[in-house]
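The opening position of the sequence shown corresponds to residue 1 in full-length UniProt numbering, with each subsequent residue numbered one higher.
These are calculated hints, taken from the structure and not from any lab test. Accuracy of the hints is not assured; some may be wrong.
Cut-off 20 angstroms, straight-line C-alpha distance, at most; resulting in silico cross-link-like pairs (EDC-like, lysine to aspartate or glutamate) [as the list claims (entries may be wrong)]:
#1 260 - 216
#2 260 - 5
#3 115 - 136
#4 115 - 138
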Amino acid sequence: MLELEHGFRVVDLSTRLPSTGGGTPPQGHTITADRLERELHQAGITKAVVFPPSAPETSYVAPNNGVARRSVDRPFVAVARINGTQTAGQKTTGRLRNAVSRRDDHHTTPSDIEKYAYDDRFHGFVLDPTVDDYPDDDVLTALEDVNLPVIVRGGTDAPPETLTETLLERSFPIIVGHFGGHPLNRSLMDRMIDLLAEYDDCYLETSFVRYRDQLERALLEHPDRVFFGSGAPACHPNVAVMEILTLDVSEDLLRRAFSKNACRVIDALGPSVEP
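Please put together the full structure from these sequences, using the hints given.
So this is what it looks like as C-alpha cells:
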C-alpha cells in the first residue's frame with residue numbers, strides 16, 4: 001500500500017501482536033511482527049503499543065513474554081495483558097459469584113503485576129473485560145501501587161457505567177479503547193466523553209471510532225485526553241491515520257492526538273527514546 005506522507009509524529013495505542021505458535025487467534029486475523037512493522041511504517045507511525053490478543057481461560061505469561069521478545073529492536077512498546085475473576089454488576093447473583101470466586105493458575109496475581117511493572121520490557125497493562133473479566137481488589141491495589149497505565153476495551157459489554165463501577169475510581173491511569181463504544185455505539189461514546197470531565201486520569205483511544213462528531217467533540221472539549229489507536233492488524237493503520245487527518249480540527253489538536261498526549265502518559269513512546 002502507498003506510504004502516507006504527513007507532517008505528524010504518530011504513535012499507536014492499539015496494536016495486537018498475535019502469537020507465532022500456530023493457529024488463528026480468536027479475532028481471526030494474524031500477522032507477523034515484520035509485516036506489522038512495515039504497515040506501521042507505511043502509515044507514518046513512529047511507535048506502537050503492542051499486546052497479545054485476548055483468549056478465554058488462558059494464562060497470558062507466555063503470550064506477554066512473546067510480545068516483549070518480538071518488540072526488541074522494533075518500534076514496539078510492549079504492555080502486558082492481564083485477566084481477573086470478577087464479573088461486573090450489582091445483582092445478587094453477580095455479587096455472590098464474585099465473593100466465592102478464586103484465582104486459578106491462569107489468572108493474573110498481585111505478584112504478576114509487580115513482576116511486569118519492574119520488568120523494563122513492559123510499560124503498562126491491557127484488559128479486555130468481555131473475555132478477561134475484571135481483576136479482584138488485591139490485583140487492583142497492586143495496579144495502584146505500580147501506577148502504570150491500563151488500556152481497557154470499552155463497548156456494549158463493558159459500558160461506561162460498568163467501567164466507572166469497576167475501574168475508574170482507582171488511582172492508576174485508564175485508557176478506554178474505542179471511545180468506550182465498540183462496536184460503533186454512538187451513545188456509549190458520548191457517555192464516555194462526558195466522563196472525562198469527572199475523571200482526570202481517564203483517556204480515550206480512537207481505534208474503530210468511525211464517527212467524526214464524536215472524534216471532533218472529544219478533541220475540542222478534552223484536547224489532552226485523546227490518544228490515537230489504529231486497531232491493527234484488524235484495521236490497516238493507513239486507514240486509521242487518514243480518519244484522524246480528515247477531521248475538521250486544528251493541526252495542534254492533531255499533534256496532541258497523534259503523539260503528544262500519549263507520550264505524557266507512556267514515557268517509552270516519546271522521541272527521546274527512539275533507537
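Hints, one by one, checked against the model:
no.	hint	result
1	260 - 216	holds (17 angstroms)
2	260 - 5	holds (19 angstroms)
3	115 - 136	holds (18 angstroms)
4	115 - 138	holds (15 angstroms)
The structure is consistent with each of the numbered hints, conforming to all of them.
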